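Chemist: Residue numbers (our numbering), protein chains in the order written: chain A, 1 to 687; chain B, 1 to 117; chain C, 1 to 208.
Think of the hints as simulated: they come from the structure by calculation, not from any bench.
Quick caveat, the model's predicted, so the values are computed rather than measured.
For glycine and all other residues, C-beta sits at the position ideal for the given N, C-alpha and C.
Be careful, since some hints might not be right.
As the list claims (entries may be wrong) - Derived DSS-like pairs: lysine-lysine, alpha-carbon spacing no greater than 25 angstroms straight-line:
# : chain 1 : residue 1 : chain 2 : residue 2
1 : B       : Lys16     : C       : Lys100
2 : A       : Lys316    : A       : Lys382
3 : A       : Lys222    : C       : Lys94
4 : A       : Lys529    : A       : Lys459
5 : B       : Lys16     : C       : Lys94
6 : B       : Lys76     : A       : Lys222
7 : B       : Lys76     : A       : Lys229
8 : A       : Lys53     : A       : Lys529
To be verified - Derived list of chain B stretches under chain A, where covered just means 3 residues or more per stretch with a C-beta under 8 angstroms from a C-beta of chain A:
#  : segment
9  : 88-95
10 : 98-107
As the list claims (entries may be wrong) - Interface residues of chain A toward chain B, partial, derived using beta-carbon atoms under 7 angstroms:
#  : residue
11 : Phe336
12 : Gln348
13 : Thr349
14 : Leu352
Take a look at the letters that make up each chain.
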Amino acid sequence: MSILGSLDWNDIFIVPFFTDPSLSTGIAAGAGGIVVLGALAVMVLLTVKGWWKPLWSNWITTLDHKKIGVIYIVLALIMLIRGVLEAVVMRAQQVSPAPGFLSVEHHAELFSTHGTIMIFFVAMPFLTGVINVVMPLQIGARDMEFPFMNAVSLWLSIGGAALVMASLVVGHFETGGWTAYPPYTGIKLSPNEGVDYWIWSLGLTSVGSTLSGINFLVTIYKQRAPGMKLFDMSIFAWATLCTAILMIFAMMPLTVASLMLALDRQAGFHFFTATQGGNMMNFANMFWLFGHPEVYILILPAFGVFSEVIPTFSGKKIYGYTSLVWATIAIAVLSFTVWVHHFFTMGQTAHLNAIFGIATMTIGVPTGVKVFNWMLTMWRGKLRFSTAMLFSTGFIFTFVIGGITGVMLANPTIDFATHNSLFLVAHFHNMLIPGLLFGMFAAVNYWFPLCFGFRLDEKWGRRSFWLWMIGFYGAFMPLYAIGLMGAPRRMAFFTEPAYFPWLVIAMLGALCVLAGLTAQIIQVWVSVKNRESLMVPAGDPWDGRGIEWSLGCPVPEYDFSTIPAMTSREPWVDAKEAGKRVMDPTEFVDIHLPKPTGMPFLVGLVATLFAFAMIFQMWLIAAVGFVAMWVLVLIRSYDTDWEETVTAEELREGYEAHKRLVETTPQIRLDDEFTTKNRGLIMETQV
Amino acid sequence: MDYINSDVGMDSAEYKHDMARYVWGFALSVVLTLAGVVIVAGGVFSTGLAWSIVGILGIAQLVIQFWAFMHLDFSKEARPDLYLVLFTFLLIILMAAGTVWVLADLASRMGMGAGSM
Amino acid sequence: MSATMSNTGAAHAASHDHGHHDKTGTVIFGFWIFLMSDLIAFSLMIANYADAEWHGIANGPSPHELFSLGLPTIETMALLISTFTFGICTLGMKYGASMKRTVGWLVVTLALGAIFLGIELYEFHEFWTEGNTPQVSGFLTAYYSLVGLHGLHVTSGIIWGILLMVQMKTFGMNDLIKSRLVRLGLFWHMLDIVWIALFTKVYLMGVL
Ligand code: HEM
Ligand SMILES: [Cu+2]
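Next up, chain A with everything else stripped away, as it sits in the complex (with noise of 0.2 angstroms):
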């Protein structure tokens, strides 16, 4: 075997097109087509604008939460785009006469990437981006624990989603599906790199969100401000905190099964081949070990994002603060409890289905507690429609659907009418639209002018508000009743007419969630243009409670200049309603900061390449590759100079000049809150 191990020129992405001409394969080369002329565009705009060098200084070697939040987040708005598109695609093969316009492989391929996109390289991208800028501003921390890890993490993550992007110009993706279940992924039934694809890929980002685990956790247990109990944190902080848990836990039985069928695929080995005594049900179980926390990871991040916001814009405390953590911590413990549910059809005995079936009902409880912590917050307050508040109370309604429609498929007799059909599609649909991305962008939407210093431009927020809730339905309501009609999941095309009027439906909203997707893209687009007349240098643009709104807007690098006391859950209101417009400062010390390094990123580029040589079976590049990367890690090891000091007397005029500018802000009323008359600290105390 060369060098290049099983690569050959029928992997580049427009061969396939020459070779065998139609529209399916004329599709994969333009998808192709789009990255490499995107790539290209990229580094175009990079040289002749003069780029290169601020992207690799301010960026690619930052190791400053903040900005390594900001990565992530726009990793995931990328990753989104495609992901959107080809559920849009997915929905106009199955409109078009069947047998459509894709090739059968083609639209498998379609629904595997769009699963696994979304899940690995949307929602964990976007949450722990999220985490990352919020987290440390809400605990008094300065950074993340270990900021050299995170950045690793980061670059890890970035690599496993290149590999996704590169599985469009070189070679195939799987076509099983994002949960890739052998005997079909095995060697005999699917012996191209596509599988192998999906090992590396998820092999990457989970090692980066193990790392992320540790180190959220290891922050909040030891970073907080002096006289933070663990019951005086936000909500965020706290679901934080369960989140962090959970990846550290739940990512190894994926990493476990994943490698495991690696070795079915390439050394022969028998874990999952049933003829020699291996047992492809235990991928099944090993992998919903990992998958059902791996949910309450995508969704106790955005239940902490709601916690944050709807109190902000109800202008009250959140009610029942202590249930609430509560029920979050049962919700993490009591995910570990119910991966059952996911293959209550495999076979096992009725009693077994039926304990998980019980557990699974249980959750319900905790969540349905949270529900009614946010509606009771909301009770009375004077509600301010924000597009942060619309994505939150839009979430609500929706949310509760969908847990509606989860607890009766925890009935396995009821599952096992539905398992494998659009049913199941639309349940889930319903969880992750709303609980997941409704909350991400609540956060963007919301904390945005920390890390830029200006507000997003609400009306295109609103619209896109809108379009997403209108196309949410619109995409997955019929889904619910074509499922109990019976149309199985992941089908290349229907021929069954009574489906055809709701597939229609679910077309157009699937164009109605593009549509909205576009506006968030104007969103940003108009802000950034406009960003002059939407700053709020001044900070605390919405009359918010969490001590990250203490911070002027943009935070500085250093994010506090002296640690807040903790006098309370909530200082920060506390001062406000003192009549302060800052906090006090405590004690100006030197601080350390760490100094940027291109390490990380180095790290994520040779870990990629081993991973890529794994795909193609370059075993010899992936030896080198591998070697690489711990050499890497070996050299930073002797790297004792990593930190660059910020005196106490820099702090300080950061602090008086932070002071200078909120005292010479002019007050507003809290009605003006959207207008270009925010600058900041509005306050609704001081009318």
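Keeping the supplied structure of chain A fixed, place chains B and C with the ligands upon it in accordance with the hints.
Modeler: Just chains B and C with the ligands now, with coordinates in the frame of chain A:
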């Protein structure tokens, strides 16, 4: 807990005290390991009983080594580590025992006895 | 792993002005969490092994036919002694032992680790040449992967230890190096704890 520095030297009582813990841990581990080997090799007990005894000896040694070598105990300094380990073992029981349970249940429905297939 | 985590740790350990908490302890706590996550991997492999040993013999040998207790017991003793010698090493380090003593015990530990590994590889080789490769049955796949995963850990522990000795020479016994040595120690102790489970499940119960 300070893992890396101490105000006193190797002739101190603290050192001897800490060292005793290692020695105890080591001695007990040796005894428990050999006991397991003897029980299995001796063949005095029935298979089922030997299986249970060996399992218990293993768990005992596990606890001892966590205590002796990894410094887990009920002291205030070790508490975070202790909670972490206990939580991990809760999850291990859920995951590993759950896996065995599910797979055995599935096997029972397919007439797969020990050694068959 | 070690380096990525330790960088920041030592950075903070060096900066007392900033630290409202003990940074070496923090890094070690982070490492504990990593170990626990690793433990999950081992436990899933053991669960898989338990299933494969029961239902996955296929046309291959059963554990009863394959294993004997002699070599594994020696192997186990080697690793057990090594975890003890590592304890002597790090305990002395904490109480200000000389670099020579610390390095000496570390060398002893790693050598015992190498003996353990040697026996394991010898056994693998024996099985392999008898035709009992991992490709024969689900049970053998599970056996090689579970024991091999542990062996890979021991191997990386040995490499890490050697690299660390080089760093001791370069940096001397400062807090950074000490913290790394303690983490390697925890890693090593953890591997012996995992081995108790493997020895019991695979060999003792296998021979029964
Ligand atoms: C934005 C609007 C979205 C649309 C229109 C959409 C549409 C679809 C469609 C048509 C399928 C294939 C259904 C089938 O099996 O026939 C699918 C599957 C899937 N979607 Fe989405 N989706 C969207 C968003 C999301 C989001 C936000 C997530 C997760 C965060 C997600 C996760 C998944 C997963 C996991 C699958 C299953 C893939 C598989 O079968 O392996 N989707 N989606
Ligand atoms: Cu689930």
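Chemist: Evaluate each hint against the coordinates.
Modeler: Each hint, compared with the structure:
1. B:Lys16 with C:Lys100: holds (20 angstroms)
2. A:Lys316 with A:Lys382: holds (8 angstroms)
3. A:Lys222 with C:Lys94: Holds, because 23 angstroms separates the two Cα atoms, which is no more than 25 angstroms.
4. A:Lys529 with A:Lys459: Distance of about 14 angstroms is within 25 angstroms: holds.
5. B:Lys16 with C:Lys94: Distance ~13 angstroms between Lys16 (chain B) and Lys94 (chain C) Cα, so the pair holds.
6. B:Lys76 with A:Lys222: Roughly 16 angstroms between the alpha carbons, so the hint for Lys76 (chain B) and Lys222 (chain A) holds.
7. B:Lys76 with A:Lys229: holds (17 angstroms)
8. A:Lys53 with A:Lys529: Holds - the C-alpha atoms of Lys529 (chain A) and Lys53 (chain A) are around 23 angstroms apart, at most 25 angstroms.
9. 88-95: Per the Cβ count (4), the hint holds.
10. 98-107: Check passed, 7 qualifying residues.
11. Phe336: holds (5 angstroms)
12. Gln348: holds (5 angstroms)
13. Thr349: Holds, because the Cβ-Cβ distance from Thr349 (chain A) to chain B comes to roughly 6 angstroms (cut-off 7 angstroms).
14. Leu352: holds (5 angstroms)
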